[in-house]
Each structure stands twice: as structure tokens, then as C-alpha cells.
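Chain A is fixed; fit chain B onto it per the hints.
For the record, the sequence lines run as chains A and B.
Adding 362 to a residue's 1-based position in the first sequence gives its number in our numbering.
Adding 633 to a residue's 1-based position in the second sequence gives its number in our numbering.
If you're looking for bench data, these hints aren't it; they were derived computationally from the structure.
Among these hints, one or two may not hold up.
As the list claims (entries may be wrong) - Covered stretches of chain B (chain A as the covering partner; in silico rule of three or more C-beta atoms under 8 Å from a C-beta of chain A):
1) 640-651
2) 665-672
3) 695-702
4) 927-940
As the list claims (entries may be wrong) - These stretches of chain A come out as covered by chain B in the derived footprint (C-beta under 8 Å, 3 or more residues):
5) 582-594
6) 661-671
7) 687-693
By construction, the Cβ of each residue, glycine as well, lies at the ideal position given by its N, Cα and C atoms.
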Amino acid sequence: MANAVGVIFSNVHDENIPELSRHRTMASIPYGGRYRLIDFTLSNFVNSGITTVGIVTKFNYQSLMDHLGSGKDWDLARKDGGIILLPPYSDETDAPYTNRLEALKGITGFLNHRNEEYVVISDCDGIARVDIADIMRYHEEKGADITMVYHEEDLPTDSNYFMTLTPDEEGRIKGIKINPRSKSKQKSKVYVNIMVLNREFLINIIQDAVTRGLTSFGKDILTKNVDTLKIYGYPFGGYYAGIESLQTYYAHSMELLDKKVRDELFGARDIYTKVRDSAPSKYSDDAIVKNSLISDGCVIEGTVENCILFRGVKIGKGSVVKNSIIMQDSVVGSGVQLDSVITDKNVVIRDRRHLAGCAELPYFIAKGRMV
Amino acid sequence: MQRKKECVAMLLAGGQGSRLYALTNNIAKPAVAFGGKYRIIDFPLSNCINSGIDTVGVLTQYEPLELNEYIGNGQPWDLDRSFGGVHILSPYQAKKKSSWFEGTANAIYQNLAFMQKYNPEYVLILSGDHIYKMDYSAMLKAHKATGADCTIAAIEVPLKEASRFGILNTNEDGSIYQFEEKPKQPKSNLASMGIYIFTASKLFKYLIDDEANPNSSKDFGKDVLPAMLNAGEKMFSYRFSGYWKDVGTISSLWESNMDLLGDEPAFDVGDSDWKIHSRNPLAPPEYLGEKAVVNNSLISLGCEIDGTVKHSVLSSNVVVEEGAEVIDSVLMAGCVVKKGAKVVYSIVDENTVIEEGAVVGEEKEKNAGIAVLGRNITIGAGAKVAGGQILDKDYKGE
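Bound conformation, chain A alone (with noise of 0.2 Å):
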């Protein structure tokens, strides 16, 4: 078991992806199938070792505690931890936090209460198979105050909050930037928003920050403290997709269809999800399924190709669905023709509707709607 207390931002980058947060969390984004977003973040907690995670939340977090229960589909109804729901807490005023410091101060009983060594906090916002337990052995070994995970990219041009890391032969972080920018494309070390800090260090610096006044976790405390506080960058070289908006959703979805991509992520280690009990998905005699994922609980009598086919969901005879995502329990009549479509949950096409997008903007039909 690891020495360590999970810490899980689920509400942060909401507005990366106003199409499908409208109604739930970023945790609670489906993705892959079968999956929302938080199931990654848990799983490389749970595979990692640590069993007490505290979900942060802010608004419309129904969809999440409806998904998460009490926890056991990752392992997580424990009697000592487990998964733990942190709703806004305030004992000033009545508005819920406004940014990530607030945030932390609303969890500090909980992190207080705790007597692990160490804190590993995430956001909801990344896709990939990270090695927690290999990051805090780095942390121990360079003795940091805090170690932030960065990987190599391009830097993002759709993400409306990130920060580059500049570390130095050490690992060192020597200046962090907020939301630069650049004409050409350039390789940057982007933080990926998982970082690992010493419990009562956290404590301190959120305490610390309060009393001054200060309101930012980046600008006041991460960037102003660069010189003084010990701040190590672990490199993360795996796949990793950041989902930035609606099209770096829709492509880096697409990237599962590449085996590659697929084994590295659900090859290894288990990726841990509600269970729903569907039945096996059924392939009719006139069913065309050409690179796709299809998820449990599928009916499927007409083409697919190259999609993402959540649980449960039905496509009718005739139809030709093509480089889309279609949500759970959505049902496409017959006749259809969708091209790189994206259906939230619940949606309905009725029979004969052509609809298309394109790659670059797909075409997204919000939960329950029907066409």
C-alpha cells in the first residue's frame, strides 16, 4: 500500500469542454467506450497502491456520485479510506470556492485527518497509464517539496489554462509559465496537472496562503516560489491525450482505434469502471463493423466504421454510421448516415437523418436530444 492520500480535482477544465460538461463534471466526460473521464485518474491511483482518494467536487456532480457509488467498482468501499466525496465546504461565506487554493482550504480536515506522508493531486483532464508510485520514488529521492508531471508537446493552442515547466539538469523546475504562448509551433514540457507534495507541507503552504490573502495555486504560490521551494519535474513519457476542447476529445478518441495506443493504456494494468451488466453486444447478419470499438450491451444491424460505440447502444438496419462517437444507450434508427458524429448519451436519430461533420468540427447532438 502506498504511503500516500489521492486527491482528485474533478471539476477543474470543465469549461475546456462546455459540449459535455454542460451537464456533469470533466470526471464524468465519458470516454473509450465504456469508461468517464476519472476512471484513468482512479485506476493509475488504485494500480498504484493508494486506496483513499478524495474526489473534489463544485457543480453538477450527480452524474459523478451516480458513477463512482460507494466506490467498490475500483476496489475503492473501504473501511478505513476509500473513496471520499469532498463537496464545496465554506465556513466564511456561502459561495462555493472560486480557485484551487479555496478548494484545498475547503479539504483540510480531510487532508488533516490523514496520516499518510504524502498527497498525489490530479485533474480529470488527461488520458494515460501513469506509474503513481514511480513518480513518488522520485519525489522521495530528490527530496522535493513538490514534483510536477510534465510531458513533451506542442504547446497547446486550445486549452485556456496549462503551464510549462523549465527544469534543469536535476529535474529541477527553474521558472513556470502560465498560458504562454507562441506563433510557430514549438516543443514545450507542459504539466500534465498531477503533482506530488508532502502532506503537512501542503497544509502548511495552503494555511500560509490563506492568512496572506493570496488566491492562486499557480501564480502565488507555484511561480513566485520557484527559487525557494525544492520543485522536481517527473518526466512522463507514455501516450498521453489532454483533452484541451470538443476536437482534441473527438481525436484523441479516434487515437484508441490504434492498437498501439489500446494496449498501452488497457494492456498491462486494469482500467476499473462501473459495471453496468450488459449483455454481450450482438452483430446482426447484416452488421459491417470495420475498425471500431464496441462497447457491451451494442445492437448493431447496419455499418460502422471506424467509431466509438459506447454501451448499450443500438444502430438499425441500413444505417452508415462513419468516424463518429455515439454515446451510451443512443439509438440510430435505420437509413441513417452520420460522418464524424459525436451523440452525447440518450440521443435519438431518427430514421432516414443524414448528418455530418467533419474531423476538424465534428458535429455534437446534446444528451437526450432527438433528431
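Relative to chain A, chain B alone:
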């Protein structure tokens, strides 16, 4: 106040299932995989929880390891309860004597204490050999309405097959006047499904009497039910008309899997009003590649299909490589069918590998029978396994 359960279910899961040959070499019959993601025992367990029965004793004896592990704490069926829930009941050593379960009645008798702990009004006896969806609460209601001491679920079978079953001869009101175990000249085609509801006090009395009878074979069908009838107890049939299939043989197991296929399947596991719960595999969605051809089949999570699959049922994490063909077959979890290999009219147990170019089984029309491969074996490249052949060891070909 003593807590109690109105009805406790006792599920007989000790059978060896010897007619399933290689499929039950190391596991009990109820643990045999079925329908892609299920095991046979999922059906009675799901029926219990869907019928509001949350206390189930599972009596195991033959090769219980895998079954015990599968049932675990019962959580997949919502049967993890602080009072009640699912319990594995194995033969045990007692102060005066210890013995294996001898016969179905003796198995239940040895677990009297388990049932009595819940102080039930009724006891439901089930077997772990059948694929069906049944609302036991409707049967219990009928049991109460008739005021019966024992109610036996019954289904009409073709008269020519009736001599394979326990046959109920009934009056117009459904009351039973005669019970014939596998009669040579059946008087009716109403077969016992091996599902009984007893008024608990009567059951306990007759089990104790039966145990004391040195001439008894300690079997419900042969001993306990006839004894109750002879003593004039009220026994009623409860007619069931849905899908019900004994999957105790290779051919019936194959047929029952195939009954899940088609636009209007004989048996629908996708029915959301009567969900079949199971221990779900942890696997990503199945992937069908550019060359995949999949028709009239059930495919489970984690499969990777680049070849052809027709009229087949595939469990989780099965791999069918490019150019490979799987036709009229049942493939259990983790099987690999390599390039150019062919599997026809076969049942292949877990994690078995069929190497490149090998051919397993023969077309159904050739009447050679179903080929069966046991678990964890390898069929060598280019090897040929004849129709109807049963293998439980690696095979390299002639």
C-alpha cells in the same frame, strides 16, 4: 426479536457434470461459461435477486475452487448482505460424523442449521444446471395461494422426451397425484424442472425422516417427494412456459448458446427488465479491425477481431486474427485463433490457442458432432481436429 427471512434459496451446485467432458475437468458444472460473459450459475443467482430472494446457500462439492472464487462475497449479484446474502456451503466435518453430500436431499439435510438460522417460512430448492429466467416470487405466491406443502415448477416437454425427466401427473387444479422419476411409459408431458418450494417446517421434517431411512437414496426426486405424496401432503405443480434448458451435455450447451442469436432470439440475455448479473470482465470495448467480418454473433469485451466470425458466441478477450474463421462455435474467454486457422462447430474452453492454419471441427452438416477443446491447451500449426473429437491436452497433429 429474532430476525428472519421469509424465503431462503438452496442452490445445488455440487454436480460434476461428467457429460460435459473436458469442460468440467477442473470446474463444477455451474461454473461453466455461457453466453459470452456469463456462467451457468449466474442465471439462478440473478433469478433469486430479481425475485427478491436475498439469502442463497450454494452447495458445492465437486471442484469448488473456481466456483467459490467466482461467487466471492456475492457483490456482482447484490448478494453481499450483512444478514442473508450468498453463502458457499461445502461438506464439513462434524463432531459425530463427517461425510460428503450423498444425494440432493442429504446435501440440504446437512445444511439444516444454515436454513434454520434464518427461521424461514419457505425454502426454495434450485439446481445450477439450467439456463432460464424465472420469477420465483410468482411461484411463491402460487405456493401460498394453494396452501401447498410443496410446489414443483413444471414445464411441458415433447412426449417422446418425457422419459428423461421426473414427470408430474396432476389433477385439473394443478395438484399432483403421482410423481414418476424417468418413467418408461410417461402418462403426461409435464416435467419437473428441479425447482421446489417447500413450506420450511414440512421440508425439515421430511429431510430428517429421510435421513433416518436406511433404504433411501437421499434424493429429492426419488425419495423425499414420493414420501411426501404418500403421506398425503399437499403438492402442487407450478406451470412455467418460458425458455428453460438443461445445459448438461455438450450438444445442449452448444444449442443453448446458439439460442441467444438471431433477430428474435429464443432466449434474450439483453432484456433490461430481467438483468442477468455476472462478475464482469475488466476489459476495454471489443475492437473489430479493417478486415473483420462479424455476422449473427455475440461478442464480448476485450475481443480483438480481424478475421471472420459467423453464428458464434465469443467470451471476453478472444483474439481472432486476420484470415481466421470462427463458424457455429462457442469460444470461451481468452482463446486465440491465429492467422488462417479455422474453428467450426466447436466449443473451445478458456485460454486455448489454435495456431496458424489449424482446423478444429467439421461443418455441422457432416454430422460428425461438436469438437471440444479443454482449457489452456494449444492446437499446433496446421493440425486438424476432427468433428466430435474431445481434447484436453496439447495437440500437434498426426
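Quick rundown of the hints versus the structure:
Under a criterion of three residues with beta carbons nearer than 8 Å to beta carbons of chain A, the stated coverage of the segment 640-651 of chain B fails, only 0 such residues being counted. Interface restraint, the segment 665-672 of chain B with chain A: holds (3 residues with C-beta to C-beta distance below 8 Å; minimum three). Coverage of the segment 695-702 of chain B by chain A is violated in this model, with 0 residues showing a Cβ closer than 8 Å to a Cβ of that chain against a need of three. Only residues whose C-beta sits within less than 8 Å of a C-beta in chain A count toward coverage, and the segment 927-940 of chain B has 9 of them, enough to reach three; the restraint holds.
Only residues whose C-beta sits within less than 8 Å of a C-beta in chain B count toward coverage, and the segment 582-594 of chain A has 0 of them, not enough to reach three; the restraint is violated. Restraint check on the segment 661-671 of chain A versus chain B: 3 residues with Cβ-Cβ distances below 8 Å, three needed, restraint holds. Against chain B, the segment 687-693 of chain A contributes 0 residues with a C-beta closer than 8 Å to a partner C-beta. That does not satisfy the three-residue criterion, and the hint is violated.
In this structure, the hints that do not hold are numbers 1, 3, 5 and 7, in rising order.
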